[in-house]
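Protein sequences appear in the order of chains A and B. Everything in the first sequence is counted per our numbering, starting at 1 for the first residue and increasing by one. Everything in the second sequence is counted per our numbering, starting at 1 for the first residue and increasing by one.
No wet-lab data here; the hints were simulated from the structure. In this text, all values refer to a predicted model and were calculated from it rather than measured experimentally. Even glycine gets a Cβ: it sits at the ideal position worked out from N, Cα and C. Hints are not guaranteed to be accurate.
To be verified - Pairs of lysine to aspartate or glutamate residues, derived as EDC-like cross-links and limited to a Cα-Cα distance of at most 16 Å, are as follows:
1) A:K119 to B:E280
2) B:K105 to B:D65
3) B:K54 to A:E25
4) A:K20 to B:D65
5) B:K231 to B:E281
6) B:K105 to B:D192
7) A:K148 to B:E210
8) B:K188 to A:E91
9) A:K16 to B:D301
10) B:K419 to B:E453
11) B:K39 to A:E49
Claimed, not checked - Some but not every residue of chain A turned toward chain B, in silico, with C-beta under 8 Å:
12) M1
13) L22
14) D165
15) Q168
16) V169
17) G176
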Amino acid sequence: MDARTRILSRIGHTLKERPKALLPEHPHSPPSANPLDLFLKRLAENGAEGHLLEEERARELIWELSQGHPGATYGRGVPASFRLLPQLPPEEAPLGVSWALFAVAETGTVALSSEDGRKAQLLPPVHLVLVEEGRIYPSLLEALLDLKALPSALGLHSGPSKSADIGQVMVKGVHGPGRLVVAVLQGSW
Amino acid sequence: MQAKAKLYPKEAARLLREKPGVREAVTGATLHFEEGRKKAYGEIDAEALRERAKRVKDHLLTHLDHYLELAEKRLRENGVQVHWAEDPLDAHRILREVAVRHGVKRAVKAKSMLTEELGVNPLLESLGVEVFETDLGEYLIQLLGEPPSHIVGPAIHLALSDIQRLFHQRFGTPLDAPPEALAAVARKVLRDAFLTAELGISGANFLVAETGTLVLMENEGNIRLSTSLPKVHVAFVGIEKLLPRLADLALFLPLTARAATGQRLSTYVSLIQGPAKEGEEGPEEVHVVLVDHGRTALLHDPEAWEVLRCLRCGACLNACPVFRQTGGHPYGYVYSGPIGAVLDPGLLGLEEAYPLPYASTLCGACYEACPVKIPIPKLLLTWRHRAVERGLAPTWEKGAMRVFQMVMENPALYRLFSKALRGLPLPQHLLPLLRAWTEGRGPLKPSPRPFHELWKELEEEDGR
Numbered sequence: 001m002d003a004r005t006r007i008l009s010r011i012g013h014t015l016k017e018r019p020k021a022l023l024p025e026h027p028h029s030p031p032s033a034n035p036l037d038l039f040l041k042r043l044a045e046n047g048a049e050g051h052l053l054e055e056e057r058a059r060e061l062i063w064e065l066s067q068g069h070p071g072a073t074y075g076r077g078v079p080a081s082f083r084l085l086p087q088l089p090p091e092e093a094p095l096g097v098s099w100a101l102f103a104v105a106e107t108g109t110v111a112l113s114s115e116d117g118r119k120a121q122l123l124p125p126v127h128l129v130l131v132e133e134g135r136i137y138p139s140l141l142e143a144l145l146d147l148k149a150l151p152s153a154l155g156l157h158s159g160p161s162k163s164a165d166i167g168q169v170m171v172k173g174v175h176g177p178g179r180l181v182v183a184v185l186q187g188s189w
Numbered sequence: 001m002q003a004k005a006k007l008y009p010k011e012a013a014r015l016l017r018e019k020p021g022v023r024e025a026v027t028g029a030t031l032h033f034e035e036g037r038k039k040a041y042g043e044i045d046a047e048a049l050r051e052r053a054k055r056v057k058d059h060l061l062t063h064l065d066h067y068l069e070l071a072e073k074r075l076r077e078n079g080v081q082v083h084w085a086e087d088p089l090d091a092h093r094i095l096r097e098v099a100v101r102h103g104v105k106r107a108v109k110a111k112s113m114l115t116e117e118l119g120v121n122p123l124l125e126s127l128g129v130e131v132f133e134t135d136l137g138e139y140l141i142q143l144l145g146e147p148p149s150h151i152v153g154p155a156i157h158l159a160l161s162d163i164q165r166l167f168h169q170r171f172g173t174p175l176d177a178p179p180e181a182l183a184a185v186a187r188k189v190l191r192d193a194f195l196t197a198e199l200g201i202s203g204a205n206f207l208v209a210e211t212g213t214l215v216l217m218e219n220e221g222n223i224r225l226s227t228s229l230p231k232v233h234v235a236f237v238g239i240e241k242l243l244p245r246l247a248d249l250a251l252f253l254p255l256t257a258r259a260a261t262g263q264r265l266s267t268y269v270s271l272i273q274g275p276a277k278e279g280e281e282g283p284e285e286v287h288v289v290l291v292d293h294g295r296t297a298l299l300h301d302p303e304a305w306e307v308l309r310c311l312r313c314g315a316c317l318n319a320c321p322v323f324r325q326t327g328g329h330p331y332g333y334v335y336s337g338p339i340g341a342v343l344d345p346g347l348l349g350l351e352e353a354y355p356l357p358y359a360s361t362l363c364g365a366c367y368e369a370c371p372v373k374i375p376i377p378k379l380l381l382t383w384r385h386r387a388v389e390r391g392l393a394p395t396w397e398k399g400a401m402r403v404f405q406m407v408m409e410n411p412a413l414y415r416l417f418s419k420a421l422r423g424l425p426l427p428q429h430l431l432p433l434l435r436a437w438t439e440g441r442g443p444l445k446p447s448p449r450p451f452h453e454l455w456k457e458l459e460e461e462d463g464r
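The shape of chain A in the complex, shown without the other chains:
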């Protein structure tokens, strides 16, 4: 007998005698008025920066973030109109720009698909995430219930990389970006 069979048969034997516990239903989501405001508030509380922007202002933000730098690295889903700087390898780029799958207001989270690329989300010291206003879910539950298919790896990012492992002092940008900026794009894309 292999390990799998032995493990499963031991469990089966044990559970035959055990009263079964029922699985609770998911709770009803409370009605939410304005996920955008909550999203921006939570982002700030998480140590990230969030802005609601028109397309032109979002482009200006990219210019501001990239000032003095030779280029940036882009996620695959970033529209050409936002690729203002020459493409650099993610290992060298001072700025990574990603296109989020969705965002969650209650936790101040952007969800990034591996289909967009992962290095641009993790390696540069500054990470700009573009997300459509209509893709902000009020709660994590609503977002997960709505997920039809998962990419090979989905990353939920809720702020800059941080650690308090050295003497309980909070340090940002330990392995990932020390600065997370989210541009919520007005209108539809």
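Following the hints, put chain B in place on chain A, whose structure we already have.
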């Protein structure tokens, strides 16, 4: 990891004597975590959510075979290679085969308590693989050659000055380098490791059966990097770590983060479905090793099985006044604090972990903190009861308890004894039962007047 749980009282006393700084560092860190948890629980209906989480976990555990088979099926559909390991030997064989097949020279590791259980690092080192712990705290203790001292904060026993000294010796940084500078040095070393390692190793916070999704929580980004950059990813998952449905994460991710660090959600959560698709960045191969290592035996235990709900958030450690004194090292096994005191006897056998169920004041703070309502105080008593039944408790304890019972049940005897104790300067060095106590504390000083006299006086005052 070699279990040294038997040595708990000796090791705790030695640590307090030789490293008094640990008490300060651990107390500071755990109180900080604990404050965060209380605040975070205060924002939500914590009682209702803990009860819900408990029920989901109980459902999972009472249908574990079904969910394991479902998870395996989904993982395979996602292109993940699934392995089963009953014990560390199985796990080593599986990992060795993967490492050798890919000619692995370097591995980057995400923090994982299960890989500590399995002794993954020594195995890889014996194969000539250079292993980098990539969680900052875990990296620090790897440099020091120490095991983790806390489930979530493996290096909380270290003061800033300890780390400054370590980095001065290893990397030549100034002795007064600030935390940012030290972190920058570690970042540089580890960034190079991420970019050159062929193998990434992780544990899992959860494995969703419905979708076959591996879920990892962290704040630094090292786990996301460890599971994204190397071409092979091996995840070790305890069989109790499953969740039935993807949407259950909406309950468990925030609840775990609140309990562990007081956050609404960890900075990074990775939901991993499998290897990278054509043209995508990410590992070419993903392996999931489903590990038993004592868990099926614990599930079989009609009283102790509830401990398998544990999410490894560390909240009970932070709430525990006993843990605060020494941190995790004296507990002598991977899992320390209140959860270790009830999990280790189940995983190692009570004989190996004997004194751990006594490493508690039974104050109940661990139960209040636990996000899945594990009745830790009740389980501590269960294990203590078994220790007495199996003759593990010292024989003098039985005799002493019998005398104590006799005295407590007989008012005349009680008065006599308490009077005698009050009158004497106690020859404490001669009392073997008290030596261990008095070594670490001031001398016992009986109150000059007995409690029942004081009580009577208070009652009379109230009556007037």
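Hint by hint, here is what the structure shows:
1. Annotation: proposed proximity of K119 (chain A) to E280 (chain B) holds, straight-line Cα distance about 11 Å (limit 16 Å).
2. Annotation: proposed proximity of K105 (chain B) to D65 (chain B) is violated, straight-line Cα distance about 37 Å (limit 16 Å).
3. Simply put, K54 (chain B) and E25 (chain A) have alpha-carbon atoms about 13 Å apart, close enough for the 16 Å limit, and the pair holds.
4. Restraint check for K20 (chain A) and D65 (chain B): the C-alpha separation of about 13 Å stays at or below 16 Å, so the hint holds.
5. A distance of roughly 10 Å separates the Cα atoms of K231 (chain B) and E281 (chain B); the hinted pair therefore holds under the 16 Å criterion.
6. Among the hinted pairs, K105 (chain B) with D192 (chain B) is consistent with the structure: their alpha-carbon atoms are about 14 Å apart, no more than 16 Å.
7. Pair hint K148 (chain A) plus E210 (chain B) holds up; C-alpha atoms about 13 Å apart against a cutoff of 16 Å.
8. Restraint check for K188 (chain B) and E91 (chain A): satisfied, since their Cα atoms lie roughly 12 Å apart, inside the 16 Å limit.
9. A hinted pair counts as satisfied when its Cα atoms are at most 16 Å apart, and K16 (chain A) with D301 (chain B) qualifies at roughly 13 Å.
10. Distance check on the hinted pair: K419 (chain B) and E453 (chain B) sit about 12 Å apart at the alpha-carbon level, within 16 Å; holds.
11. Under the criterion of a C-alpha separation no larger than 16 Å, the hint pairing K39 (chain B) with E49 (chain A) is inconsistent with the structure, at around 23 Å.
12. Against a cut-off of 8 Å between C-beta atoms, the interface hint on M1 (chain A) is violated, since the closest Cβ of chain B lies about 10 Å away.
13. The closest approach between the C-beta of L22 (chain A) and any C-beta of chain B is roughly 6 Å, which is under the 8 Å cut-off, so the hint is satisfied.
14. Nearest Cβ of chain B to the Cβ of D165 (chain A): about 3 Å, under the 8 Å cut. The hint holds.
15. Because the closest C-beta pair between Q168 (chain A) and chain B is about 6 Å apart, less than 8 Å, the hint holds.
16. At a threshold of 8 Å, the smallest CB-CB gap from V169 (chain A) to chain B is about 4 Å, leaving the interface hint in force.
17. Hint status for G176 (chain A) relative to chain B: holds, with the closest Cβ pair at about 3 Å, below 8 Å.
Violated hints, listed in ascending order, are 2, 11, 12; each of the other numbered hints is respected by the structure.
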